[in-house]
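With these hints in hand, go ahead and build the complete structure from the sequences.
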Amino acid sequence: MFMSETLSINTPLTDETLKNLKTGDRVLISGIIYSARDAAHKRLVELIHKGRKLPFEIKGQIVYYVGPTPPKPGMVVGSAGPTSAYRMDPYTPILIAEGLKGMIGKGVRNLDVKEAIKRYKAVYFAATGGAGALISKAIKKADIVAYEDLGTEAIRRMQVEDFPAIVVNDIYGNDLYEQGKKRYRITG
Amino acid sequence: MGVREIQADDITRTIRRLCIEANTILGDDVVAALTKGLEKEKSKTGKDIFRQLLQNAKIAKAEGIPLCQDTGMVVVFIEMGQDVHIVGGDLNQSINEGVRRGYRDGYLRASTLDPLIRKNLGDNTPAIIHVEIVPGDNFKLTVIPKGFGGENMSRVAILTPASGLEGIKEFVLQTVEKAGANPCPPGIVGVGIGGTLEKAAILAKKSLLRPMGRRHPDQQIAILEQELLDKINKLGVGPQGLGGYVTALDVHIETYPTHIASLPVAVNIQCNCHRHKEAVL
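Listed in order, the protein sequences are those of chains L and W.
Residue 182 in the working numbering is what sits at position 174 of the first sequence, and the numbering runs on without skipping anything.
Residue 212 in the working numbering is what sits at position 39 of the second sequence, and the numbering runs on without skipping anything.
Among the hints, a few may not be true.
[Said to hold, decoys possible] What the simulated footprint calls covered on chain W by chain L, stretch by stretch (three residues with Cβ under 8 Å from a Cβ of chain L suffice, anywhere in the stretch; the number is not a length):
#	region
1	221-228
2	233-244
3	352-364
4	416-429
5	439-446
Worth flagging that the hints you see were computed from the coordinates, not collected in a lab.
For each residue, glycine too, the CB sits at the ideal point set by N, CA and C.
Next comes the structure, spelled out in C-alpha cells:
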C-alpha cells in the first residue's frame, strides 16, 4: 500500500509522469512551480469567468499554496512552507479544468477537488507544514509574475530543485489522508 | 512600597526582540518533544516528517530564517505588577511598535488585515494583548506568534452540565480528528474548561505557555491530560495528517470555575512549530 519510493520528477507534468505517481510516493520536484493562495486564486478564477487570459500558462503546471516571508538580503525567498489547501477548494476544479496538473499544499481536499483530480488526471502533493526554512532551500529563484499588490500573496514563478513532497491524491482516486488514518488508527 | 517605573521604549525593544527570537529559535522543550516523537512514531513517512522538522529548526536558528512562513498573529500575555508604572508612552502602542519593528527588521511575514476589507495592513499589527494585573512590581511579557493553520481549526463549545466529562472528551477528540492535517500536527492541544465563552478560549490559549513535558499540578486534571493524549494518538491522524501514532505531542488543560448552568470548553490547537518567548523587565 505504501511504496514510499522517492521519485524525481520535473515540471511541467506530463501524462506519463502522472501515471507513475501513486499515493504515498515521496517525490523531489524540479522545474518551475507557481505560488498562489487565497487572494490570487480568487482573481484567477474571476479572469476565467470573464474569458480573459491568465497571467501565466497554467497547462501542465503546478501551483504551490504558499505565502513566503520576505527574503533577507542575499536570499531569493524567505521561509516558504505550505498553507492549508481547503481554502482553495472552491477555486481548484475550475483551474484543473483549465489544465492545471499539480497542487502542493497541506490538508484534505473536498469531494469536488478529488473528482476533478481523477477526471482531468491531476495530482495533489503534501509538503511539510512547519518546515518553511528547510523548504526554502529547494527554491532557487522566485519572481513575481502577477498581483504584486497582494504582497506575500502575489503569484511568484519559482524555480525549484528537489522540492520534497508526498503524493496524496493520485490519478487513480486514492487519498493518503484516508489511507494513512485507517492504517494507524487504534480502535477500542 | 514604591512604584517601579518601566519605560515604554524598553517594552518596544523587548517585544521586537521576542518577535524575532520566537519566530527563528524553537524552544529546547519543543525540540526535545519532537525528538521524542521521532522515536515513538512508527510510520516511515511520519518519521521523515519529524526529521524534516528537526532539520528545519537547525536551519532556522543557524541562518535566522523564520521557522515557518506563517509568522502568525502576535499574541502577547502580560503579567503586570500593580506597583508598576509605565512612563514615556502608552502600553498598547509600545507593544504594537515592537511588533512593527520586529516584523520589519526580522523579515517576518505581515499577515494582518481588516476582516471585511481584507487588504493587508503591512506591518502585522495590531497584536492581541492580554493583560493580567498581579501583586508586586514584576513585569512579564510573553509573545506567541500564533499560526493560523492551528487557529482556524480551534473551536469553542458551550456544553451542558449533563454532557459532563464524557462530553468534554468527545468534543476534544472530534476537534482534533476533524482538523486533520490543517493545524500541522503533531503539536499541542490546548484545552480550556469552564469560565465564560471568552474565558474558556483564553484558558486554552494560555495552557500552551506551560513548558512541554509538564503535567498540570492538579492530579485529576493531569490524569485527564494523559487520557486525552493517549486517545488522540490512537486516532491515526499522525504527523501532517498522513497517518501515524503521534498526532499530538501533548495535551495541556486549564480550568476555571463556571456557572451552574454551563460547561464551556475551548480547544486551541497549536502546530508543531510551537513558538513562544518570554522576558521579565
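Hint by hint, here is what the structure shows:
Counting residues of the region 221-228 of chain W whose CB lies closer than 8 Å to any CB of chain L gives 5, which reaches the minimum of 3, so the coverage claim holds. Given as covered by chain L, the region 233-244 of chain W passes the check, having 10 residues with a CB less than 8 Å from a CB of that chain where 3 are the minimum. Given as covered by chain L, the region 352-364 of chain W passes the check, having 4 residues with a CB less than 8 Å from a CB of that chain where 3 are the minimum. Counting residues of the region 416-429 of chain W whose C-beta lies closer than 8 Å to any C-beta of chain L gives 3; at least three are required, and the coverage claim holds.
With 3 residues having a beta carbon nearer than 8 Å to a beta carbon of chain L, the region 439-446 of chain W meets the requirement of three or more and the stated coverage holds.
Violation of the numbered hints given earlier is absent; every hint is satisfied by the structure.
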